[in-house]
Amino acid sequence: MTTTKTAPRDFGFGEDEAMLQEMARKMLGERLPMDKLRTLVAAAPEPIYDRGERAPWDKELWSEIVELGWTGLAVGEAEGGSDVSLAGIAGIVEEIGRHALPSPLIATLMASLVLRAAGGAVAGALLKRIAGGATASLAITNGRGSWDPEHAPLIASGEADELVLHGGARFVQDAFKADFLIASARLGDTLVLCAVETAADGLRLETDHIHDLTRDQASVHFNGVRVGASSVVTYEGAVVLQAVWPSLLVLVSADLCGASERLLQTTVDYAKERVQFDRPIGFFQAVKHPLVDAMVEIDRARSLLYHAAAEVDVASGKAEIAARMAKSAASDAAAFISDRAIQLHGGIGFTWEYGLHIFFKRNMHNQSLFGDGVHHRKKLADLLIGPISTSPNLARDPAAN
Amino acid sequence: MSSADLSQEQREFGEYARGWLAENAPPPPPERLPITPIEVMTVGQRDYLQAWQRKCYDAGLVGADYPKAYGGHGHTGFQRIANQEMNRAGVPFLINIVGLSMAAPTILQHGTEEQRRKFIPGCLSGDEIWCQGFSEPGAGSDLANQRTSAVPDGEDWIINGHKVWTSLGHFATWMILVTRTSKDHKYDGLTYFLCPIAGQPGVTVRPLVKITGETGFNEVFFEDVRIPDAYRLDEVGKGWAVAMTTLLAERGASEGAGSGGGGGESAIRDLIELARGTWRDGVLAADDPVTRDAIMQRAIVAEGMRQNAKRARVPALCDHPMRLPLQQKLTGSEFQQNNARLGVEIAGAHSTLYKLDPSAPQAGHWPLAYLNSYGNTIAAGTNEIQRNILGERVLGLPKTK
Ligand SMILES: Cc1cc2nc3c(=O)[nH]c(=O)nc-3n(C[C@H](O)[C@H](O)[C@H](O)COP(=O)(O)OP(=O)(O)OC[C@H]3O[C@@H](n4cnc5c(N)ncnc54)[C@H](O)[C@@H]3O)c2cc1C
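So the protein lines, in turn, are chains A and B.
Here our numbering runs 23 ahead of the position in the first sequence, where the first position is 1.
Here our numbering runs 424 ahead of the position in the second sequence, where the first position is 1.
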């Protein structure tokens with residue numbers, strides 16, 4: 024009992040982490056205020072929704088972000104990164120969510136976390152590229168509604184010095200902003216993770232026509248993509264993805280928490296200003312109380328988020344439960360405040376121009392990404408109650424005991 | 425105990441408390457105990473619980489952080505540890521809840537040196553049981569609408585009026601009492617007293633029966649009750665401010681003098697056990713996906729509350745200092761209510777059985793816990809009032825009243 028590692032009482036969120044978050048909040052607040060965000064991603068609906076174009080993003084701001092070293096946040100110092108803890112990264116990602124930043128940062132952070140978990144020379148070289156500003160994304164999801172990392176989207180064949188990949192990866196985040204992908208493929212009994220350039224021969228990115236205006240998403244078709252030994256990250260793909268899964272959930276949860284707090288504060292501000300029946304609408308409890316309930320839900324999600332990050336950072340062995348709880352709570356809190364934010368703004372909240380929908384859609388996207396609340400509670404039940412017995416038998420009859 | 429959180433002294437004290445509780449856990453009670461102190465009904469329960477509090481007090485687990493001059497043990501940061509250990513050990517709760525979490529902190533802040541020395545020791549040891557005389561027939565949520573009058577008469581005061589919902593009034597020797605001393609000002613016309621109850625001429629305590637059919641709270645009538653001015657707490661006309669100190673302490677914004685047992689840590693375990701032992705549509709409830717999801721929702725809230733308590737101590741992760749502390753009463757009481765409701769649901773038709781029915785699961789715990797849970801969503805400021813407070817003080821929305 025005494026040998027289990029325990030997370031520090033401040034979740035490992037000390038002065039340095041607080042400074043990083045503060046800096047990110049300030050920078051994004053200045054560089055991506057609401058009017059700028061609106062002009063950038065929601066100038067008009069037609070290009071994106073009618074013509075299926077990808078939402079624009081600010082490449083100038085992205086170079087600043089690369090300059091600040093944020094692509095290297097999850098990269099070790101040996102590879103030229105800044106080796107920030109997951110708690111510290113969660114702080115920055117909350118700000119990304121709060122400002123609904125369109126960028127390849129989160130996808131790249133996820134790829135770096137996978138590479139770090141894999142270890143070895145191939146991963147090391149890729150991490151160096153990322154620390155230097157390269158971008159990446161994960162192509163690890165198939166189209167059959169499974170978030171189980173075992174259910175790889177691709178089939179690999181061939182020998183150790185050259186693999187050939189076939190198949191289709193779905194829901195690849197910000198694929199069009201990525202220099203390379205980390206793809207997972209089934210190779211006999213093993214799961215192999217490979218790095219594949221998005222410009223590789225035999226690889227085709229197909230734009231998903233999506234609601235969210237703050238990212239792109241792709242279906243990636245692999246038609247005999249050749250991968251040399253220098254691009255095979257690991258043959259222990261299942262173990263690596265299993266181990267890194269909590270960290271991925273932490274990143275999405277952090278994004279959800281940041282965006283949800285933004286929606287809460289925006290709606291609170293509106294409820295103080297908008298006057299009807301001679302009073303600011305926030306006076307009325309049908310407005311006030313749901314906002315309190317949203318705050319309670321966001322706070323729960325946020326506490327669980329930092330708890331999960333801290334459990335990952337100290338490798339306590341409790342990270343999976345903590346992270347699934349965080350993602351479930353964050354998804355549900357986000358759904359609730361997104362709903363109330365639009366409703367409590369009245370007609371103006373329903374307009375394209377006002378822009379609440381930008382956060383609503385980003386949340387809606389993240390709520391299902393890597394599994395929604397129901398999905399994670401199902402997994403949690405397996406962990407905390409035990410797997411469902413499919414063949415009820417008398418031995419399980421409580422009266423028989 | 426998460427050792428990384430604590431100072432050397434706190435760790436040692438935690439070990440001591442754990443050891444002491446393991447060796448001194450009381451024998452089973454002579455009769456079944458209720459779930460919370462405000463439901464204590466019989467003399468047998470009282471005697472047992474009062475003896476237990478005395479023992480904990482003597483061992484240093486109650487009043488740990490109070491100065492020695494006032495009967496405390498003179499430490500800092502120990503009470504939190506003691507509370508955790510008492511919770512964990514699953515020992516009975518401390519009966520003198522009003523004395524510990526309301527009277528003692530209020531007297532410490534507003535009392536004269538003499539009052540502190542006279543009254544606080546009995547609160548901590550449990551030798552004097554306290555009750556709270558705030559609510560009246562016309563003064564519930566609108567607490568300042570007090571009618572009970574206190575009129576000066578030489579060195580004494582004469583009290584007349586009617587208090588309701590007085591928990592523990594049937595066992596109390598003392599009451600914290602709010603009275604009206606001036607009709608000219610709603611809030612500034614109130615004065616706070618420490619009032620003897622048991623055997624006091626002019627005081628009549630009459631039991632009220634709750635929805636469960638049990639007693640537990642009372643109404644208290646005052647007819648020309650004479651008490652000395654030495655029992656007035658703080659100045660005449662300052663009663664509202666003093667009452668606010670009491671309410672803040674009551675609503676969990678302070679560590680209190682001690683609160684043992686009855687904690688929510690085992691709540692989820694209990695629900696899982698119930699589900700494992702209950703058939704539902706031909707399978708065990710523990711194998712029913714909907715039930716599993718519902719239990720996991722509760723588990724996430726339970727963990728969220730624990731992590732909220734932790735995050736409340738990390739200023740860098742708190743936007744507003746009162747944001748998390750002010751949520752405790754709301755989330756805690758609804759947590760218990762929702763758990764109990766789920767227990768009733770899982771038990772299904774068996775939850776129709778009253779505790780005296782021999783086949784009632786967990787001796788009829790779930791339906792009674794559910795009925796009783798409304799005590800906590802109503803008492804100590806209803807949860808609607810809590811939502812007003814959070815909306816106004818934390819989110820800054822316009823005041824309802
Ligand atoms: C089990 C139990 C133990 C108690 N123990 C004690 C005790 O020991 N000592 C003591 O002094 N008191 C005690 N109380 C009293 C308790 O503090 C009051 O019941 C509570 O403050 C509510 O007052 P009320 O019952 O008059 O309800 P009301 O104030 O009449 O409220 C009725 C309903 O209206 C709602 N409401 C009222 N005002 C507003 C508003 N402004 N906005 C929104 N909704 C509103 C309430 O939330 C509630 O749902 C106890 C109560 C219970 C249930």
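Derived by calculation from the structure, the hints in this document are not laboratory data.
Model, not experiment: these values are computed from the prediction.
You may find that some hints are simply not true.
To be verified - Simulated pairs of lysine-lysine, BS3-like, Cα-Cα distance not exceeding 30 Å:
#1 A:K401 <-> A:K59
#2 B:K823 <-> B:K607
#3 A:K82 <-> A:K59
#4 A:K295 <-> B:K634
#5 B:K607 <-> A:K295
#6 A:K341 <-> A:K295
Stated by the list, open to error - Covered, in the sense of this in silico footprint (three residues per stretch, anywhere, with C-beta under 8 Å from a C-beta of chain B), are these stretches of chain A:
#7 141 to 152
#8 313 to 325
Note that the Cβ used here is the ideal one computed from N, Cα and C, for glycine as well.
Going through the hints against the structure:
{"no.": "1", "hint": "A:K401 <-> A:K59", "verdict": "violated, 40 Å"}
{"no.": "2", "hint": "B:K823 <-> B:K607", "verdict": "holds, 24 Å"}
{"no.": "3", "hint": "A:K82 <-> A:K59", "verdict": "holds, 14 Å"}
{"no.": "4", "hint": "A:K295 <-> B:K634", "verdict": "violated, 41 Å"}
{"no.": "5", "hint": "B:K607 <-> A:K295", "verdict": "violated, 34 Å"}
{"no.": "6", "hint": "A:K341 <-> A:K295", "verdict": "violated, 42 Å"}
{"no.": "7", "hint": "141 to 152", "verdict": "violated (count 0)"}
{"no.": "8", "hint": "313 to 325", "verdict": "holds (count 9)"}
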